[in-house]
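**Student:** Chain by chain, the residues run as shown.
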Amino acid sequence: MTYFLQQFLNALQLGSIYALIALGYTMVYGILTMINFAHGDLFMIGAFFCFIAAGLLKLPFVPTLLISMAGVALLGVAIERVAYKPLRNAPRVSAIITALGVGLFLENFTLVFSPYPQSVPTLIPNQTWMLGPVSISSLQIIIVLLSIGLMILLDLIVQKTMIGMAMRAISWDKAIVPLMGVPLNLIISITFAIGTSLGAAAGVMYAQAFPVIDPYMGIMVGWKAFISAVVGGIGNIRGAMIGGFILGLVEIMVAAFMPSTYRDFVAFALLLVLLIFRPHGILGKPRPQKV
Amino acid sequence: MPLLQIDHVTHYFGGLCAVSDFNLALESGELVGIIGPNGAGKTTIFNLITGVYRASKGSINLSGTELVGKSPSHITTLGIARTFQNIRLFKDLTVLDNVRIAHYSQASYTPWESLLHVGRYQAEEKRIIEHSMELLSVFKLDHLSDELAKNLPYGSQRRLEIARALATHPQLLLLDEPAAGMNPNEIMQLMEFIRWIREDFNLTILLIEHQMRLVMGICERLKVLDFGKTIAEGLPWEIQNNPLVLEAYLGEEGGEL
Amino acid sequence: MKQPSSAFTVWRARWETIANNRKALPILLVLGLLLSFAIPQFNLVNPYIQLIIMYVGINIILTTSLNLINGYMGEFSVGHAGFMAVGAYASAVLTTQVLPSELNPWLFPLVVLAGGIAAGLVGLVVAIPSFRTRGDYLAIVTLAFNMIVKSIIENIEAIGGPRGIPGVEKLTTLPWTFFWTVLAVWVIRNFIYSNHGRGVISIREDEIASDLMSVNTRQAKLLAFTISSFFAGIAGALFAHLLQFISPRVFDIIKSTDILIMVYLGGIGSITGSVLGATIYTVLLEVLRPLGMWRMVLMPLVLVLLMLFRPRGIMGLREFRWLIPLQDLLGSKRWRQKKEASDATPAN
Amino acid sequence: MSAADVLLSVQDLQVSYNNIRAVKGISFDVHEGEIVSLIGANGAGKSSTLRAISGLIPYTGTIAFQGKDLHKIPADQLVALGIAQVPEGRGIFGNLTVYENLKLATWQRKDKQELPKDYERVFTIFPRLKERRSQQAGTLSGGEQQMLAVGRALMSRGRVMLLDEPSMGLAPVLVREIFRIILEINKTGTTILLVEQNANMALRVANRGYVLETGVITLSGSGSELLGNPRVKEAYLGG
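In the order they appear, the protein sequences are chains V, U, X and C. Residue numbering for the first sequence follows our numbering, beginning at 1 and increasing consecutively. Residue numbering for the second sequence follows our numbering, beginning at 292 and increasing consecutively. Residue numbering for the third sequence follows our numbering, beginning at 549 and increasing consecutively. Residue numbering for the fourth sequence follows our numbering, beginning at 897 and increasing consecutively.
Check before you lean on any hint, since a few could be wrong.
[Stated by the list, open to error] Straight-line alpha carbon distances no greater than 30 angstroms define the calculated DSSO-like cross-link-like pairs of lysine-lysine that follow: (1) 571/X to 431/U; (2) 1008/C to 968/C; (3) 382/U to 881/X; (4) 431/U to 85/V; (5) 1026/C to 1083/C; (6) 174/V to 1129/C.
No lab work stands behind these hints, which were simulated from the structure alone. Values in this document were obtained by computation on a predicted structure and should not be read as measured data.
Let the hints inform the model, and build the full structure from the sequences given.
**Tutor:** Laid out in structure tokens, this is it:
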């Protein structure tokens, strides 16, 4: 039981990182029905911003986090404007392939400047407390609380603000939104900014939790976060959060109670089984198609 | 026995009743029209007959075979073909290929013969091309056979859609607003054309139309729908002067505003 | 009139003559076959280039087969390397563990075929639940499939687990690569220009209309997906016996991404495009090797620019005429000639 | 009426898409304070005309609002100019609440202090919306959705309101209700351009009307003139 609780804490930590990245996938999908395959790599860039700010500029945690989020948000918006926007009326896959290309570009561009894995300095004083038999670290607390805080903030933005309303309206019917006087492109840019900055925050936390980073780290984590978004119901924000935590839980528990090499197998097999029974994910709803 | 017998068909979308207790018996060779204002449920009836939607209640019977629950491709092979309100051609394919695809269930060669281009492949393809070209020439489209469907003028696209539907060898043809976007002159030609294909291809035709000129001109019987319900049926001239129908189209007259 | 006489137009005219000349095809094939024997025999080019040529062939098979799903059927499959892995492992297990090694060179074509069949069967199993809903469902399923295959292999010690199978015999030769590449391209081309293939293409154009034109869309999808994974398996088998070492890592999602890029670079819905895409991508990566890591920065940029200016890829939906069967090319023309002839003859 | 009164002017408008010439060179004006109805059977080109004015589809010809050419103006700026819209098929956002739908339409409004008054006005006109203000708009009935669409257009406070088939799919009682409200809105000073299939209603409320047949204006006149004209019935039900 102690062991289980201990693992549960680890699962929360990993799950919150997946959830943060999954939000970026799901937000972009929600408004543009496009899979932003470069998102995992923006997470990686977030981690590298952390490396630059913390390792080279010796900044403390909060400025590092803010710089990383702002930098990646700018990058995300720029990518949308330059690479995705011109393809909004092209075949849908063209944009997806472009995203794939952008992702590869980000990976390899980073690789040119950082051919070797880099280690990121820890910015959070590592302290461990014992809650009964379960040990809990300051890092774990910060990652989980910060992620949950960001998610609540996002949820507030989406549910309570005009911008959030506009985002939801776009996901319902993009064509009508301009008729209400709402500038479509601005909202899309804001969505990219928010989604990618959450990915960057995940990158910073990941770099703190697993302090060795490399340009390809975003691929696997990104795909898994994407899967989380699908499990939760792609396009659904709360679904992405749930999906992220489920995937984190499954991965950690499989690794804890089975040979760790089964981890990916069980995680993905579970996904397939879930999709057979709920093709639209946990919170996703099918929208009737008009013939 | 009627060719098509629809009994008590009802269909819901979510909670909304799109078609309620629809009945129709079509005798072989008839030409019947379904009219009604926008959103009356006309296209839904076509979608129910062709298996795109599955009727919530009721039965649809084609010369003794129950259609409810069958897949659209199966229903097509049983002898029902249709066109669409908003032309649904295979836009990036040639005119000839559009018609060839409609021969899918008639081509009698196996996937293996497809992969290796052996056996019946050559003979069958030759037959399909010839049959397709014959059809296209009947529709005066043979000279455009190698054009992409999307490059055809609107009127020709409409005709191609009918040609494609006929390639499936239907007994019953469903035309969904064939005159949409046509001017009075073109509508006159279309009327001639529909009469003529009915004779030539031995068809029973059910059509949905807004252009009253066309409906009044060629239909033998009419059914009028509003809000998913049949509000009137009968001969064209009866319908034309039926106050319920006038109201459905033009709105009610008089009354307090 | 001004005569355009630049080297480019001359070159272009020549290219079009070759590209559209049907007689060129058998000549090219015979020439190719002879060359494929002659090159290794007389060492016409150095072994490194021979290796590249073989990779080009394998990539052509992969690209053409994936194009069947992503380009012709209009679905989005992203885990092609998973099927490649099935073919590679099935064949490598046969040559390293099952068959007596002295028979390997003789049985190699059957081994490759076995790899293809294994992948085709797996493909069918994956396809059955995958086409329930349209859209990105297949993308997710194939993505998960790719990762599951990799994970399963890692967990089977009998086939080397995460370490893979070392010491696979080098049985893939230039003539064999040539043979399988031509066979794959030919068969997939045949399929596309057949009743079943047209059904598959009509699904891309408009699935509902396709269904209503009597196309059994479910059957067509399963058929196309099985064929596509079969050839991915063939490519995997050739790949395993060329690389001489396979491990689960070789067939991860990055490999799948490579194949996707080749498909969209060359152009969706085009066999010519797939051949060009695979060739250009493979060769370019080698040619740009002197740039070091910058080539990996450059290539994605090229892809993005291409998508922005040609969203359907280099040859999207277009084909060299000599790849198209005569009846598709001339069917309508012949019919018209026949009609004119019969119209000219007065009826009795 | 002088040219100065012309609020919206459409000159030689032509619209084609998918190889269809939907609108073949029509011209009409809408004057300040009027209700103008564009009527005709399905496929006559009514909606295409409205979509062109909204900047949703490309067109040739001139569309000017208060003398300002709308050609280069992005769709989302029209609201700021004073053009409020009730799109075809209502176009409400089913995943937003009733209140949120209304609120979203105030995006371009600068006078935020006026908003409470406007919500009050909308809720007075449509008490049903007030009852359902925190309900998801997708759960509303067809009539309520239409009311929401009109209410939303009111919230953006346009000088002119464009309505695309507000009666579509509504039972006669509701149709009457909607048209009564349109009259009411007009009385408070909003100019109205109405596209309708329901000719009787549309002409009864209209100052002037235009009859469209296959992309051409075949009849025009005052509402009451057209209402008595047998040619209107022919345009729908054939001669």
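**Student:** Please go over all the hints and tell whether each is borne out by the structure.
**Tutor:** Right, here's what the structure says about each hint:
1. 571/X to 431/U: 34 angstroms, violated
2. 1008/C to 968/C: 28 angstroms, holds
3. 382/U to 881/X: 21 angstroms, holds
4. 431/U to 85/V: 42 angstroms, violated
5. 1026/C to 1083/C: 22 angstroms, holds
6. 174/V to 1129/C: 37 angstroms, violated
Hint compliance for this structure: hints 1, 4, 6 are broken, all remaining hints hold.
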